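Asker: What follows is the residue order along each chain.
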Amino acid sequence: MTEPARFAVTPASDGHPPVLTVAGDIDLANVGEFESALSGARDNGKELVVDLTGVSYCDSAAVRALFTVAAATTLTMVVKRAGHITTLLGISGLDRVATVITEG
Amino acid sequence: MTEGPAGGVDPRLLPYGVAVRYSHPSAATSPAPGLWHLAIRLPDGRVGLAVGRCADSGGDTTPYAPTSVSAALVNSGDPVAALAAAGAGPAVCAVIGPHSRVGYALRRTTGQGPTSQGPTGQGPTGQGPTVVTAPQLSDHQVAPPDSTSSIDLPPGSTLLLSTDADHRTAGVLADCAAEPPRRCAQILAEALSPPAFPAGAVLALYRSPPNPLELRVPADPASLAVVRERLRRWLGLAGVEAETAADAVLAVGEAASNASEHAVLGVERPVELTVHASIDGEQLRCTVSDNGRWKPATGPAGASHYRGHGMKLIDALVDTAHVVTGDHGTTIEMLKELRS
Chain A
1 MTEPARFAVT PASDGHPPVL TVAGDIDLAN VGEFESALSG ARDNGKELVV DLTGVSYCDS
61 AAVRALFTVA AATTLTMVVK RAGHITTLLG ISGLDRVATV ITEG
Chain B
1 MTEGPAGGVD PRLLPYGVAV RYSHPSAATS PAPGLWHLAI RLPDGRVGLA VGRCADSGGD
61 TTPYAPTSVS AALVNSGDPV AALAAAGAGP AVCAVIGPHS RVGYALRRTT GQGPTSQGPT
121 GQGPTGQGPT VVTAPQLSDH QVAPPDSTSS IDLPPGSTLL LSTDADHRTA GVLADCAAEP
181 PRRCAQILAE ALSPPAFPAG AVLALYRSPP NPLELRVPAD PASLAVVRER LRRWLGLAGV
241 EAETAADAVL AVGEAASNAS EHAVLGVERP VELTVHASID GEQLRCTVSD NGRWKPATGP
301 AGASHYRGHG MKLIDALVDT AHVVTGDHGT TIEMLKELRS
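Keeping their order, the protein sequence lines are chains A and B. The numbering of the first sequence is the working numbering, which starts it at 1 and goes up by one. The numbering of the second sequence is the working numbering, which starts it at 1 and goes up by one.
Hints are computed from structural coordinates only; laboratory data are not their basis. Computed from a prediction, not measured in an experiment: that's the story for all the values here. We treat Cβ as the ideally placed atom computed from N, Cα and C, and that holds for glycine. Worth double-checking, as some hints may not be accurate.
[What the hints assert, rightly or not] Derived lysine to any residue pairs resembling SDA-like cross-links, with alpha carbons at most 25 Å apart: (1) B:312 - A:82; (2) A:80 - B:211; (3) A:80 - A:53; (4) A:80 - B:269; (5) A:80 - B:241.
[Stated by the list, open to error] Not the full set, but computed from the structure, chain B residues with beta-carbon under 8 Å of chain A: (6) 222; (7) 233; (8) 241; (9) 242; (10) 244; (11) 245; (12) 261.
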């Protein structure tokens, strides 16, 4: 199923970094929204957590956006064990410039 | 020689699109005495299917029937010759060629020699070896002995060979024809079980591939979701299993994304992407073509063609990928092996 992307931000609080929760498909058509959501959630801070467990599709376009954030802040990504995200992170090398937490 | 779920033959042993299942009097995983099957891909790419029951149900010849049938099919590709090689007992053999053209032969006698011309001897319970299709294409009940009948299977249709059947079988097949082949075989095997069929049966099912997918869209990011959706739907119709389908959708998605981002240089006419998907034998073939010209490399983020992350990702998802670029545009062809 092709699902439109949805973004939700849990702002930073009490020593916990902000969390951007992403669901749906990320592709070249909406990667601009993803980039805005990432910088909005980060809010110029030093850390960001991105929860990608609800992502139903993403490819190199999303990975490039995450690389940009990883260059500007300490990035942690939460991903599902099953599916392609771990392949994407390994092949792109994003897992070497950010922390990856695998669930499931 | 059954493996996997009770009665079902391990799909890794079968040509793509084929399911084989035994329904037998006990829940044991070994075939009922005398029942045998054969499912192979011939050297020229055709699929050979056969099921039967040995006349001497002591099982002495059971291990040999598939071997003899296999040799006969590899040598001649002739279903009648294959049945002669099978030894005595009811049997049916089909050879599926290009464009799903099927040739099949039946033998209904239950104890007489392979050259018997007797009238349709009944199988243990019902009407003996049977060929049925969904959709129903022709009356198979009157196939003359020792001759090959032909069917042209439309795309996405189902061929059933069974050692036995009754008046309900065609209806059961028609009702489950949209299910994946293994599920379809399971439903049919239940219908061919005791008490209706005390001696059980063995069935072989073949699902013909759908027509190839041909999709033409503007080379624009907005087209990408459409490409993924259409491809997913086509892969479902083709019975491609979920993990392989997801690999294909990501590979094609990545290729189409690259093309819509880069293949847009200086053309008077709008650039289009053409996405193609087809199944040939055991292989899935997907191509993404554009009719544009690619921006030259401007650095890692603007890398032209498929160098860099895009191609590495595609290479990890499919077995073979190659790119051809010309004045007309660029095509990436991706090939992936399938399993039933």
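Asker: Run every hint past the structure and note whether it holds.
Answerer: Structure-based check of each hint:
1. B:312 - A:82: holds (20 Å)
2. A:80 - B:211: Violated - the C-alpha atoms of residue 211 (chain B) and residue 80 (chain A) are around 34 Å apart, more than 25 Å.
3. A:80 - A:53: At roughly 5 Å apart (the allowed maximum being 25 Å), residue 53 (chain A) and residue 80 (chain A) satisfy the hint.
4. A:80 - B:269: Distance ~42 Å between residue 80 (chain A) and residue 269 (chain B) Cα, so the pair is violated.
5. A:80 - B:241: holds (20 Å)
6. 222: holds (5 Å)
7. 233: Residue 233 (chain B) check fails; min Cβ-Cβ to chain A is 10 Å, beyond 8 Å.
8. 241: violated (14 Å)
9. 242: violated (10 Å)
10. 244: violated (12 Å)
11. 245: violated (12 Å)
12. 261: holds (6 Å)
Hints 2, 4, 7, 8, 9, 10, 11 from the earlier list are contradicted by this structure; the remaining hints agree with it.
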